[in-house]
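Protein chains in written order, with numbering that gives the first Met the number 0: chain A, 0 to 483; chain B, 0 to 600.
One thing to keep in mind: the hints can contain errors.
List time: in silico DSS-like cross-link candidates among lysine-lysine, alpha-carbon distance up to 30 Å [what the hints assert, rightly or not]:
1) B/LYS594 with A/LYS360
2) B/LYS423 with A/LYS399
3) B/LYS429 with A/LYS165
4) B/LYS161 with A/LYS356
Covered by chain B, according to a simulated footprint, are these stretches of chain A (three or more residues, beta-carbon under 8 Å) [said to hold, decoys possible]:
5) 171-184
6) 223-233
7) 444-451
8) 468-480
With the C-beta cut set under 10 Å, the calculated list includes, among others, these residues of chain A facing chain B [stated by the list, open to error]:
9) TYR255
10) ILE275
11) ILE287
12) VAL331
13) LEU334
14) ILE361
Hints in this document: simulated from the structure, not taken from any laboratory.
Don't be surprised by glycine CBs; every beta carbon is placed ideally from N, CA and C.
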Amino acid sequence: MSRARADEEEYWHSSKFRAFTFDDEDDELSQLKESKRAVNSLRDIVDDDDDDLERVSWSGEPVGSISWSIKETASGSTSSLEGRDSSLQKGSSSYAAFPKQVSSYSLSSLFKGRNKLPSFQSLTDALTDTGVKNYAPELRRPKAEYKDYTSDWSPKDTVRRMQRGKVCSLERFRSLQDKLVLLDEAVAGHDGNVITAVLIFLKRTLRREILFRELEVRQVALCHLIHFLKETGEQKFLLDLLRFLDRTEEVALSQYREHLNIQDVEKRREFLKGCIGLPFSAEDTSHIQDHYTLLERQIIIEANDRHLEMAGQSEIFRKYPRKASILNMPLVTTLFYSCFYHYTEAEGTFSSPTNLKKTFKIPDKQYVLTALAARAKLRAWNDVDALLTTKNWLGYTKKKAPIGFHRVVEILQRNNAPVQVLQEYVRLVEDVENRLNLATKYKCHDVVIETYRDLKDRIQLTAYKCKVERGSADEEKINSILNN
Amino acid sequence: MAAHLSSGRVNLTALREAGRRELREFLDKCAGTKAIVWDEYLTGPFGLIAQYSLLKEHEVEKMFTLKPGRLPPADVKNIIFFVRPKLELMDIITDNVLREDRGRAPQRDFHILFVPRRSLLCEQWLKEQGVLGSFIHREQYSLDLIPFDGDLLSMESESAFKECYLESDQTSLYHAAKGLMTLQALYGTIPQIFGKGDCARHVANMMIRMKREFPGSQNSIFPVFDTLLLLDRNVDLLTPLATQLTYEGLIDEIYGIQNTYVKLPPEKFAPKKQGEGGKDLPTEPKKLQLNSAEELYAEIRDKNFNAVGSVLSKKAKIISAAFEERHHAKTVGEIKQFVSQLPHMQAARSSLANHTSIAELIKDITTSEDFFDNLTVEQEFMSGIDTDKVNNYIEDCIAQKHPLIKILRLVCLQSVCNSGLKQKVLDHYKREILQTYGYEHILTLNNLEKAGLLKPQTGGRNNYPTIRKTLRLWMDDVNEQNPNDISYVYSGYAPLSVRLAQLLARPGWRSIEEVLKMLPGPHFEERQQLPTGLQKKRQHGENRVTLVFFLGGVTYAEIAALRFLSQMEDGGTEYVIATTKLINGTTWIKSLMEKLEPAPF
Chain A
0 MSRARADEEE
10 YWHSSKFRAF
20 TFDDEDDELS
30 QLKESKRAVN
40 SLRDIVDDDD
50 DDLERVSWSG
60 EPVGSISWSI
70 KETASGSTSS
80 LEGRDSSLQK
90 GSSSYAAFPK
100 QVSSYSLSSL
110 FKGRNKLPSF
120 QSLTDALTDT
130 GVKNYAPELR
140 RPKAEYKDYT
150 SDWSPKDTVR
160 RMQRGKVCSL
170 ERFRSLQDKL
180 VLLDEAVAGH
190 DGNVITAVLI
200 FLKRTLRREI
210 LFRELEVRQV
220 ALCHLIHFLK
230 ETGEQKFLLD
240 LLRFLDRTEE
250 VALSQYREHL
260 NIQDVEKRRE
270 FLKGCIGLPF
280 SAEDTSHIQD
290 HYTLLERQII
300 IEANDRHLEM
310 AGQSEIFRKY
320 PRKASILNMP
330 LVTTLFYSCF
340 YHYTEAEGTF
350 SSPTNLKKTF
360 KIPDKQYVLT
370 ALAARAKLRA
380 WNDVDALLTT
390 KNWLGYTKKK
400 APIGFHRVVE
410 ILQRNNAPVQ
420 VLQEYVRLVE
430 DVENRLNLAT
440 KYKCHDVVIE
450 TYRDLKDRIQ
460 LTAYKCKVER
470 GSADEEKINS
480 ILNN
Chain B
0 MAAHLSSGRV
10 NLTALREAGR
20 RELREFLDKC
30 AGTKAIVWDE
40 YLTGPFGLIA
50 QYSLLKEHEV
60 EKMFTLKPGR
70 LPPADVKNII
80 FFVRPKLELM
90 DIITDNVLRE
100 DRGRAPQRDF
110 HILFVPRRSL
120 LCEQWLKEQG
130 VLGSFIHREQ
140 YSLDLIPFDG
150 DLLSMESESA
160 FKECYLESDQ
170 TSLYHAAKGL
180 MTLQALYGTI
190 PQIFGKGDCA
200 RHVANMMIRM
210 KREFPGSQNS
220 IFPVFDTLLL
230 LDRNVDLLTP
240 LATQLTYEGL
250 IDEIYGIQNT
260 YVKLPPEKFA
270 PKKQGEGGKD
280 LPTEPKKLQL
290 NSAEELYAEI
300 RDKNFNAVGS
310 VLSKKAKIIS
320 AAFEERHHAK
330 TVGEIKQFVS
340 QLPHMQAARS
350 SLANHTSIAE
360 LIKDITTSED
370 FFDNLTVEQE
380 FMSGIDTDKV
390 NNYIEDCIAQ
400 KHPLIKILRL
410 VCLQSVCNSG
420 LKQKVLDHYK
430 REILQTYGYE
440 HILTLNNLEK
450 AGLLKPQTGG
460 RNNYPTIRKT
470 LRLWMDDVNE
480 QNPNDISYVY
490 SGYAPLSVRL
500 AQLLARPGWR
510 SIEEVLKMLP
520 GPHFEERQQL
530 PTGLQKKRQH
540 GENRVTLVFF
550 LGGVTYAEIA
560 ALRFLSQMED
570 GGTEYVIATT
580 KLINGTTWIK
590 SLMEKLEPAP
600 F
């Protein structure tokens with residue numbers, strides 16, 4: 000925009016002169032004309048409608064529904080239909096049993112005051128005379144598009160016309176003040192469609208600084224512009240605007256969102272690296288940093304493992320081929336992967352689970368849970384044992400599970416652990432009732448028997464005898480306890 | 000097809016008819032044979048207004064779904080796009096138009112019908128692509144309020160909540176106001192308007208403004224509605240997050256009801272024919288329409304699920320008894336009468352069979368351990384237990400990688416029931432979610448925070464207990480079989496939104512001023528003057544009719560609670576419900592989530 004133009008706007012802004020006048024009378028006149036036209040045209044339709052009423056009988060079956068018919072009518076044409084979502088075609092046969100219902104009146108009957116249902120009495124009565132005239136304008140769309148670029152509509156009328164879906168030229172609003180009045184009118188009308196249209200016009204005809212400055216004091220319009228920019232993908236303009244407004248956190252998030260559109264992982268990583276310095280909240284900054292670090296790791300691991308897998312030298316990859324690449328997977332999934340394929344690696348390597356745990360400060364609970372699931376899946380029961388064993392400073396070992404032993408049992412059971420393995424952990428479940436339940440459910444006879452023994456519950460123990468195999472060691476054990 | 004719309008206190012068929020007429024008018028504008036290209040989302044809502052037969056009468060010969068590429072060949076004069084004003088759809092249309100074979104004879108004319116509104120933005124977009132000139136008619140079809148049932152209207156605007164509360168885009172409110180003006184044109188000016196919340200205030204303002212700007216709208220129709228109650232969804236963020244426990248609510252939670260239709264797994268609906276022994280199990284989902292046109296469904300849909308089984312078994316006995324009657328029919332007259340009742344009995348039997356199957360499907364889920372655990376935690380939160388610390392069950396669900404939406408629903412519920420979470424608790428949940436489901440969900444968490452669903456507690460004050468006690472949101476002695484309070488719809492929790500409606504009717508909001516101030520947004524009352532001749536002289540014992548408009552969505556359980564109030568003997572008020580969208584916790588949270596996959600086109 001030229002300097003002179005800006006001056007001109009300064010002038011409009013400062014002077015009290017109004018380029019356009021409001022002419023209410025004219026407006027009312029035009030509305031009246033319009034409603035008259037509407038009423039007249041209504042008569043034709045009403046007559047047409049009546050014929051319609053005779054001809055049409057409405058079936059109550061979804062067979063005639065629109066979504067059903069899309070398939071029906073389209074089936075005549077052969078090309079490019081294979082990909083069609085089959086969901087459109089359902090439901091053709093389900094309803095045969097219901098009685099058909101017939102629509103008994105149409106709106107036309109209302110207009111003519113013919114009531115066909117008693118419940119409509121009052122409404123039809125009210126409609127017979129003045130009702131028609133008054134009610135028509137609201138329901139009706141404008142009959143045609145008026146493309147009157149020539150007439151001078153005030154900002155208010157312009158907005159009103161646009162709300163009614165008519166095309167209006169905005170070019171006549173040249174001064175800044177007029178443009179702002181137009182914008183304020185649009186905002187007052189709450190119609191986002193019109194607000195956005197005015198904003199597009201302003202965006203095209205105003206200097207950025209002026210637009211930004213004026214929007215700062217017009218929050219609703221501002222929100223619409225931001226939404227519009229997001230929708231149309233004008234990222235640069237959007238960021239400029241947010242920066243101007245000092246909405247730094249939003250700038251950061253909006254920029255970060257962009258990474259989703261980058262498919263190439265290397266480029267995505269570079270982009271995320273650039274995001275780290277953005278003004279996120281303290282908490283979010285650490286998450287973004289982690290996101291970057293994770294993708295960086297994944298790229299290294301992926302390259303390495305793909306190579307290993309292709310070479311066919313590594314047993315684990317031969318035995319359990321990878322189902323998908325690890326790129327862009329969440330952290331916990333990555334940890335699972337590394338516990339599965341890289342469990343024994345030294346902490347120094349990027350792919351080792353302990354390294355991941357340290358780098359991302361994964362809580363103990365989460366780590367044990369994930370490692371347990373991975374090792375159990377491989378049926379590496381020794382690893383499971385080691386994972387849950389801790390040594391104190393005297394060298395004594397102790398079993399410990401930050402997730403609770405009932406969860407350990409659950410996970411092992413899901414991976415079909417043998418009873419010998421299972422019962423070792425069932426035994427460690429602290430809550431007696433819970434322990435008995437699990438032991439009974441998974442047939443860990445030893446644990447059941449010992450628990451009843453400790454509880455000195457002869458009755459239950461005797462009852463349990465029928466659950467164990469006849470002549471088995473378990474039965475002997477029960478007998479010997481009962482005899483003591 | 001539409002008889003159920005006239006079964007309620009307000010005959011909504013008129014609204015449907017108005018919609019049909021407008022559609023016919025547009026179709027006739029494009030003279031000659033036509034093919035319609037559908038934005039798939041619209042076929043559902045349109046199905047509630049018209050069926051294919053209506054389109055066919057107006058020379059619609061082919062219908063296609065909108066997708067990129069060349070349009071299918073069809074020997075028609077007109078191609079009409081029925082679309083929502085969305086830019087991504089404009090791109091597809093552009094592609095369609097550009098690939099149209101210009102050499103073909105005769106040429107086909109293009110038109111666009113925007114639903115519910117023409118969008119200048121979209122037209123600008125088409126102009127930039129150089130195809131705007133290809134369209135002869137560009138019009139709008141204001142499908143604002145669609146009648147779903149005799150007492151239910153919806154705009155089916157999926158993104159209304161997100162637009163209002165995240166993007167401060169009030170366009171959907173403008174449509175709501177427009178819809179209300181249409182309703183008033185058909186059913187008379189509503190003399191009293193109450194509201195709570197910022198959006199409610201906006202809508203009321205717009206209505207008053209629109210009325211002023213259309214002097215002709217001073218209509219002389221006897222008012223059918225006595226009161227309009229406008230409620231912001233963000234006044235009650237809690238209710239949609241809880242699992243609905245009515246029959247219809249559970250069907251929606253589990254299978255999702257769309258435009259009154261539900262798709263169910265087919266196994267339970269296999270036709271039992273002797274000799275075939277289940278060889279050909281159907282593989283396509285079973286699609287059923289659910290509305291009050293089906294007598295049985297109308298009776299059970301609003302019951303607590305625990306009360307549905309006994310009704311079904313009672314019905315089963317009645318129907319078998321009715322069929323037994325045939326043995327007693329001796330005379331020709333008796334046989335004739337029996338036969339005349341057969342179609343009705345057969346319909347009743349198949350309806351009963353369907354709902355027994357659905358109830359079985361639901362029961363499988365409601366009796367599962369996980370459903371029970373989830374419900375227990377929800378109820379603890381809603382009754383105010385342990386809302387201020389990290390919840391074990393939620394942690395377990397994250398560890399087991401349950402669906403993210405389930406986690407978000409629970410965490411948000413906890414946050415709302417604690418007027419925000421302690422910073423430490425919030426950070427803990429956030430970290431666990433991001434580590435397990437992916438860092439990119441930081442965008443979604445941010446949206447939830449903006450919408451007020453997930454937030455840190457400010458000022459260390461928790462208002463929820465006061466609100467809960469004053470509005471009696473938690474009832475310990477709930478009766479699921481023969482309810483005496485709306486709390487039966489969530490087996491203990493009385494939906495806040497509906498409680499507000501109930502208290503407004505009796506004894507009035509003045510009694511709860513303090514609590515209203517704790518809830519977000521202003522509360523207000525407006526009166527619209529009626530000409531003297533139209534003022535209602537109420538018959539003794541005649542109920543008032545209140546239209547409750549939920550801005551931002553309503554759940555089936557809330558609808559059930561309002562219907563319960565309508566049916567109360569000494570209630571004195573009958574309710575008609577309108578909303579921007581029928582929602583449940585899952586669809587609602589989903590609408591707030593950042594779309595993470597790049598667009599398919």
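Practice problem: Go through the hint on A/TYR255 and say holds or violated, using the shortest Cβ distance to chain B against 10 Å. | Solution: Where the cut-off is 10 Å and the nearest Cβ of chain B is about 8 Å from A/TYR255, the hint holds.
Practice problem: Mind checking the CB of A/ILE361 against every CB in chain B and telling me if the closest is under 10 Å? | Solution: Since the shortest Cβ distance to chain B is 7 Å, the answer is holds.
Exercise. Let me know if the C-beta of A/ILE287 comes in closer than 10 Å to any C-beta of chain B, holds or violated.
Key: 7 Å, holds
Exercise. Please work out if B/LYS423 and A/LYS399 have their alpha carbons no farther apart than 30 Å.
Key: 26 Å, holds
Quiz item: Has the stretch 468-480 of chain A got at least three residues whose CB is nearer than 8 Å to a CB belonging to chain B?
Solution: With 0 residues in contact (Cβ-Cβ under 8 Å with chain B), the coverage given for the stretch 468-480 of chain A is violated.
Quiz item: Against chain B, does the stretch 444-451 of chain A show at least 3 residues with beta-carbon separation below 8 Å?
Solution: As far as the stretch 444-451 of chain A goes, the hint is violated, because 0 residues have Cβ atoms under 8 Å from chain B.
Quiz item: Are the Cα positions of B/LYS161 and A/LYS356 separated by 30 Å at most?
Solution: 37 Å, violated
Quiz item: Keeping to a limit of 30 Å between CA atoms, is the pair of B/LYS429 and A/LYS165 held or broken?
Solution: Measuring from Cα to Cα gives roughly 48 Å; hence the hint is violated.
Quiz prompt | Hint check: 10 Å Cβ-Cβ cutoff, A/VAL331 to chain B | solution = Constraint on A/VAL331 satisfied, holds at 5 Å.
Exercise. Have a go at the A/ILE275 hint: is there a Cβ in chain B nearer than 10 Å to its own Cβ?
Key: Because about 12 Å separates A/ILE275 from the closest Cβ in chain B, which is outside the 10 Å limit, the hint is violated.
Quiz item: Should the interface hint for A/LEU334 be scored as holding, given a Cβ-Cβ cut-off of 10 Å against chain B?
Solution: Check passed: Cβ of A/LEU334 comes within 9 Å of chain B, closer than 10 Å.
Practice problem: Examine the stretch 223-233 of chain A: at least three residues should have C-beta closer than 8 Å to a C-beta of chain B. | Solution: With 6 residues closer than 8 Å to chain B, the stretch 223-233 of chain A meets the three-residue bar; holds.
Going through the hint list in order, the structure does not satisfy hints 3, 4, 5, 7, 8 and 10.
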